[in-house]
Amino acid sequence: MGRRTSSLDANRLQAIGRPLLAWYSRAKRDLPWRRSRDPYAVWVSEIMLQQTQVERVRDSFVRFMAAFPDVHTLANATEDEVLRLWEGLGYYRRARQLHAAAKQIVVRHAGLFPRSVDGLLELPGIGRYTAGAIASIAMNISAPILEANSRRVLARLAAHAAPPDAGGADAALWTLAAAIVPRRHPGRFNQALMDLGAMVCTPRQPRCTACPLAACCAAHQQGREAEIPGRPRRRATESIRESAIVARIGDRVLVLRRGPGEWWEGLWDFPRLSAVGRGLSPAIERSPLLGPLRCGPPQRLGSLTHSVTHHRIAVAVVGCEAVRRGRRAAGLAWVPLAKIGRLAMTSPGRRIAKLAAEWLPE
DNA sequence: AAGTCGGGGTG
DNA sequence: CACCCAGACTT
Numbered sequence: 001m002g003r004r005t006s007s008l009d010a011n012r013l014q015a016i017g018r019p020l021l022a023w024y025s026r027a028k029r030d031l032p033w034r035r036s037r038d039p040y041a042v043w044v045s046e047i048m049l050q051q052t053q054v055e056r057v058r059d060s061f062v063r064f065m066a067a068f069p070d071v072h073t074l075a076n077a078t079e080d081e082v083l084r085l086w087e088g089l090g091y092y093r094r095a096r097q098l099h100a101a102a103k104q105i106v107v108r109h110a111g112l113f114p115r116s117v118d119g120l121l122e123l124p125g126i127g128r129y130t131a132g133a134i135a136s137i138a139m140n141i142s143a144p145i146l147e148a149n150s151r152r153v154l155a156r157l158a159a160h161a162a163p164p165d166a167g168g169a170d171a172a173l174w175t176l177a178a179a180i181v182p183r184r185h186p187g188r189f190n191q192a193l194m195d196l197g198a199m200v201c202t203p204r205q206p207r208c209t210a211c212p213l214a215a216c217c218a219a220h221q222q223g224r225e226a227e228i229p230g231r232p233r234r235r236a237t238e239s240i241r242e243s244a245i246v247a248r249i250g251d252r253v254l255v256l257r258r259g260p261g262e263w264w265e266g267l268w269d270f271p272r273l274s275a276v277g278r279g280l281s282p283a284i285e286r287s288p289l290l291g292p293l294r295c296g297p298p299q300r301l302g303s304l305t306h307s308v309t310h311h312r313i314a315v316a317v318v319g320c321e322a323v324r325r326g327r328r329a330a331g332l333a334w335v336p337l338a339k340i341g342r343l344a345m346t347s348p349g350r351r352i353a354k355l356a357a358e359w360l361p362e
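Counting from 1, one number per residue, gives the positions in the first sequence under the working numbering.
It is worth saying that the hints were derived from the structure and are not from the lab. On a predicted model such as this, the values are computed, not experimentally measured, just so you know. Treat the hints with care, since some could be wrong.
Listed next, with one range per pair, are the computed distances between beta-carbon atoms [said to hold, decoys possible]:
#, residue 1, residue 2, range
1, A67, R327, 30 to 36 Å
2, A226, Q299, 50 to 56 Å
3, R325, S116, 50 to 56 Å
4, P19, A226, 21 to 27 Å
5, R63, P203, 25 to 31 Å
6, G331, S281, 23 to 29 Å
7, P182, A210, 19 to 25 Å
8, R204, P32, 23 to 29 Å
9, R235, A330, 19 to 25 Å
10, K354, P182, 47 to 53 Å
11, K28, R204, 21 to 27 Å
12, E262, Q51, 37 to 43 Å
The C-beta atom is built at its ideal place from N, Cα and C for all residues, glycine as well.
Please put together the full structure from these sequences, using the hints given.
Next up, the structure:
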């Protein structure tokens, strides 16, 4: 056998389960979605948790489940309602796909979840990780998972130094994950791996002295836990400057819904233009987006920045008194500022609305 | 294989 | 500022 530290040998493999599950039973996190093993609840939580930290999901999960307690309720909801309850979580395609999948489950599967990894994979928004998570946690199917936490744990156990974006790096770790997931309690085992990664085997300064797997961790034995796994290459962030327009008539302001192919598809936002400063006024008048809109001199209300993946956007917020409404169009609405809370808005849109509220007394 | 998609908390 | 996160999907 020529295997060395690049993968776990059979002895180390067998050594994982017992100490890991013992650690989990006493150290596991108390999370709202762990109160239920209903596939629907597990599914909703897993979609929310994609690329989103646990602490940011807690409250949204509780609110969402209260509004849509089962797959039929979700399937019958409007996309606006679903998006509004997704507000602030980001990656809104997840919400649209969740909604589409709920309809699919109701129409094609009589409201019952497919009870296999392959069946789950056919639903929009469910990939290899999420299918394995739902299958193992909600259905007691011995399916592997690989995500940010368990990837780090397994990479260190096996001293697998390649960064996640390296070619073939994940394939080896998926193989490892499949080799170690037990037939008994696969869901607990997988969640234990994730909790260990989140609480002990952290990206920086892992707490190896508290780790139940330290004795069989190749990275720890080599003293390389700080450098494993390697960091992926980061793209440079690109800076963007634009203006957001709060066009006002009386107590109403102009908002628009983001369309297909745009960021925040389906969500409402204030109109924005790439022009800033002196060029803004003519840009407003020319903008096919806005009408054209006739309005008085733009007035600076404030500024804010936000980030979308590798873009950093500086927004100058400008208010103006519109003379008349301009064209009517789907996805364009004059909304009383007091009622803007009912719309599913982008996060910067919410902040812009706040500036607008300060501008407009009551 | 590389890009895209949010947002906020942390150091 | 950079880094991080219970990934999926398109090109």
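To see whether the hints hold, each was checked on the structure:
Checked against the hint of 30 to 36 Å, the pair A67 and R327 passes, with Cβ atoms roughly 35 Å apart. Range check, A226 to Q299: Cβ separation about 52 Å, and the 50 to 56 Å hint holds. Between R325 and S116 the beta carbons are some 54 Å apart, a value that agrees with the proposed interval 50 to 56 Å. Look at P19 against A226: about 23 Å separates their beta carbons, and that is inside 21 to 27 Å.
The beta-carbon spacing between R63 and P203, approximately 29 Å, falls within the hinted interval of 25 to 31 Å. A beta carbon spacing of about 24 Å between G331 and S281 agrees with the range 23 to 29 Å that was offered as a hint. Separated by about 23 Å at the C-beta atoms, P182 and A210 satisfy the suggested range of 19 to 25 Å. Distance hint for R204 and P32: a CB-CB separation of about 28 Å, consistent with the stated range 23 to 29 Å.
Under the hint 19 to 25 Å, the C-beta atoms of R235 and A330, about 35 Å apart, miss the expected range. For K354 paired with P182, a C-beta distance near 51 Å keeps the hint of 47 to 53 Å intact. Restraint check, K28 to R204: a C-beta distance of roughly 23 Å satisfies the suggested window 21 to 27 Å. Checked against the hint of 37 to 43 Å, the pair E262 and Q51 fails, with Cβ atoms roughly 20 Å apart.
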